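Novice: Sequence:
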Amino acid sequence: MNLGITGKWALVCGASKGLGFGCAQALAREGVHVVIVARGADVLQAAADRLRQDPGVPKGTQVEPIAVDITTAEGRAKVFAFRKDYDIVVTNAGGPPPGDFRDWDRDAWIKAVDANMLTPIELIKATVDGMAERGFGRIVNITSSAVKAPIDILGLSNGARSGLTGFVAGVARTTKLASSNVTINNLLPGVFDTDRIKTTLEGSAKKTGKSVDELRQQRMNTIPAKRFGTPDEFGTTCAFLCSAQASYITGQNVLIDGGAYPGTY
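Numbering follows the working numbering, with no gaps: position 101 of the sequence shown is 101.
None of these hints come from the bench; they were simulated from the model. Given the structure is predicted, the values throughout are model-derived calculations rather than measurements. Be careful, since some hints might not be right.
What the hints assert, rightly or not - Label pairs and their computed distance ranges (CB to CB):
{"id": "1", "residue 1": "D232", "residue 2": "K125", "range": "28 to 36 Å"}
{"id": "2", "residue 1": "G4", "residue 2": "T208", "range": "18 to 26 Å"}
{"id": "3", "residue 1": "K207", "residue 2": "G40", "range": "25 to 33 Å"}
For glycine and all other residues, C-beta sits at the position ideal for the given N, C-alpha and C.
Turn these sequences into a full structure, and let the hints guide you.
Specialist: Below is the structure:
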């Protein structure tokens, strides 16, 4: 399918690996020029090289890596100094650590809210009016399945990401944006085959004495699809939400979890 976004410019956050890279790759394969952002310069440059060498990316597609911390005002300033107007923005920040809410002080909450709620809002605020003026815009926020199925030890993430979800539910439905072909949606990943799940399984293996392979299989058995998701399929879903064909989808929370979370709809 031709998604009708060739030649558009996208800002993709957290794009050096995992789900962010999957989104950047899927967009680049559609001929979208991508500005990829992450904190680690070396890993980000390697990701840019992979995209430039990808045979599925059309010739002439630009890939521009900018190594900054997008959760800071300084980082965002550098991104917008490179280019003011983006047609597509994919927000993505690593989730805060798990734990017991009794142990979290004000600073822990502020850090979580700043990264997983306020940073996406700042990026939305900086771009949607220009998108509306040009008659095209797509915002996709990578959040978490915990928004629909909260997990007690992920209270920081539950709280911050739910705040973003509520904000998006309102702003995405404003007439000014929706009638100007500007959509804002959230992608909620379940368990995907990324470094995050590998680290989690390795940690569990040390605590339980079980092998990583055994724990991996046990976790997959809890998912109706009997497997983990892949960054490629996540990225493809992201690209569709950014497409011309998805112009009637806005304010939605798209859960991608292989059927793992019962009772959610």
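Novice: Confirm or reject each hint.
Specialist: Going down the list of hints, with the structure as the test:
{"no.": "1", "hint": "D232 - K125: 28 to 36 Å", "in the structure": "holds, 31 Å"}
{"no.": "2", "hint": "G4 - T208: 18 to 26 Å", "in the structure": "violated, 49 Å"}
{"no.": "3", "hint": "K207 - G40: 25 to 33 Å", "in the structure": "holds, 28 Å"}
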